[in-house]
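S.K.: Chains as they are written, first to last, in the numbering used here: chain A, 1428 to 1563; chain B, 16 to 419; chain C, 2 to 126.
Heads up, a few of these hints could be off.
To be verified - Simulated restraints, written as ranges between beta carbons of each label pair:
1. C/77 with B/385: 26 to 32 Å
2. B/224 with A/1485: 46 to 52 Å
3. C/76 with B/284: 37 to 43 Å
4. B/284 with A/1453: 45 to 51 Å
Unchecked claim - Computed list of chain C residues with no C-beta within reach of chain A, every gap over 10 Å:
5. 38
6. 43
7. 60
8. 64
9. 74
These are calculated hints, taken from the structure and not from any lab test.
Glycine included, each C-beta is placed from N, C-alpha and C at the ideal position.
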Amino acid sequence: MNDLPPGEFPIGSENDIVSARRIIRNAATALGFGLTDVTRIVTAASELTRNIYVHAKSGIMRWRSVHRGSGVGLELTFADNGPGIPDVAKALQVGYTTGTGLGMGLPGSKRLTDEMTIQSEVGRGTTIVVRKWLPT
Amino acid sequence: MKREVKTKANSPAAVLGSQESYRQLVDSVTDYAIIMLDQDGHVVSWNPGAERIQGYTKREIIGKHFERFYTTEDVRRGLPGQDLKNAAKIGRVESEVLRVRKDGTQFWANVILSPLRDQEGTVRGFAKATRDLTELKRAEETARLASTYNRSLIDATLDPLLTIGPDGKLMDVNGATEAVTGRTRQELIGTDFFDYFTEPERARAGYQQIFRDGSVRDYPLELRRSDGQVVSVLFNASVYRDEAGNVIGIVAVARDITERKQAEARIQQQSREIMELSTPVMHVWQGVVVAPLIGSLDSQRTQQFMERLLDRIVETNSPVALMDIMGVPAVDSQTAQHLIETVSAVRLLGAQVVMTGVRPAIAQTLVHLGIDLSGIITRSSLSAGLQVAFDILEMQVVPKDKRL
Amino acid sequence: MPAESISVIKLRGLLLVTVPPDPDDTTVSALQEKVLQAMVQHESRGLVLDISTVQTLDSFFARTVVETVQMVGLMGGRTVLAGMRANVAVTVTQLGLSIGNALTALDVDRAIELLDAEASKELRL
Ligand SMILES: Nc1ncnc2c1ncn2[C@@H]1O[C@H](COP(=O)(O)OP(=O)(O)OP(=O)(O)O)[C@@H](O)[C@H]1O
Ligand SMILES: [Mg+2]
């Protein structure tokens, strides 16, 4: 299992969502995740970058490997200076949307990853961190 | 002899007073054999200490040559004569040598031989003080043994053992520590203890805990070897104090649990393999896979089962999957949820699940849990399920026949 | 992947559309547009969406598919999703997405068989 150099990628256009998916596919594969886990991680990244693009216009995605004892994981951060989420608990409910979506993105990403933290301040922006650990 | 003692009376020994009081003093000494020899080495005086140490009574020994106190080897080498000559020449000869008792046993002795001279300076005889060093030697040997014992005990300890000063620097390490760190004692001693761990902060926290609580047990840390390899260890450590009770350091024993961890990983690997074995997905017929689930289903296992089942369906291009839950002892809502998810995922692929082996107890639980299985084809037995599978396949085959 | 590169093939009264491996949102939207036009143009009775090369299926994609299935249904056709990869199916399920009342098939061949069977069922009714 190789280690992974950290990196970041700005999100500002619709096309960046596709690029973000490719980047994360490579990163997760390099770190040693199996195909199904790669698909889970990439799908979560797709949801969270789209949320930036749709709800906050622009932001940034960062990635790095994380360690816990002998365990290795991938950590993705999605940060923006958009409108923020007034009620994070509500936003995590399946079907809750302020847009035209299905309201599946946030709750789905939480299920697809092992850890998710959301920090958001109305008018300031949103930072979402997800982690997925390699199976031991 | 008397003359010589008289001579002696003129010497500094005279300070001791009369010849009588001198003899009383000499007689009272039992830790030393104090004797006098004539110029040629014959015994002319003998004290109780001499009798105690060397075994001869005064009557036995007076007039005998002192070479009998030497080992045969030393006599053969001519040492008795030489010692007298040296004493006469140098003035005083002190040596630690092996001597022989009356009973033939040998003992380690400190011997001081000094010449006795008359007023003209001519050597008239010799004074000889012998101290039995057996006890001292034994004590020394014990001490030496004890320290070698300690050292070898430390080194023989298969586990890395180390002492750390209050400043966090390594004070001493044993061979096992050298082995586990890949660094020599010289390299290690005096360096910072914390630097050898993947998480120096955790090491420091553990160290502080020892000072606070007096000890730690099974504190897990990871040591980084000089070659970069990481070794998992458990530390047991406690403070040690000087006689006044001040803490002067920490003694720590590390247990290398890398092997144990590897063994655990092997067991995990094996149990994973067993798990896979216990959820085989068999391609029993063209277009049909059968997956008998046996044993209790936790989330992880169901997840893996789901992935395997889906892979096999795609691999074998099978539109029907029989999922037999006869061997599942109990189903809770969590498990049921996973099973329903599996069914949905299989549908997405373009295949169908037929759930078989639904025992009465499981059917009851599912109903009581309010789990809706209405969209899922279920049958009580695997054979009934197979029949359904053939029906499904035939439904797809029939139109083809019609086209022919 | 430019939207123009999506191929829509007419086949025995059916439409066969191959979805590219990693489509962006524009492509996905364009795909819907193209499919609906072709449905009208060829008076097709069904649609096969070949998604066998698709690596990621997220909520936007799923939503578009569900919409398309509904629209095609309103135009009298049935839609079959063909060849979804196993890992994509696991992820889609875990994400909680549904594909509405689209039919599914293991591959394009079986999708066509399925649409044929559906058609003959309707004929029998
Ligand atoms: N980065 C963000 N900035 C501001 N609001 C956000 C952000 N991400 C999510 N939200 C809010 O949380 C809600 C739920 O997000 P979620 O991704 O679950 O659904 P959605 O984006 O509306 O639809 P879907 O993702 O299913 O297409 C959004 O509708 C939006 O109000
Ligand atoms: Mg969203």
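S.K.: When the structure is checked against the list of hints, which entries are broken? Sort them ascending.
M.R.: 1, 3, 4, 7 and 8
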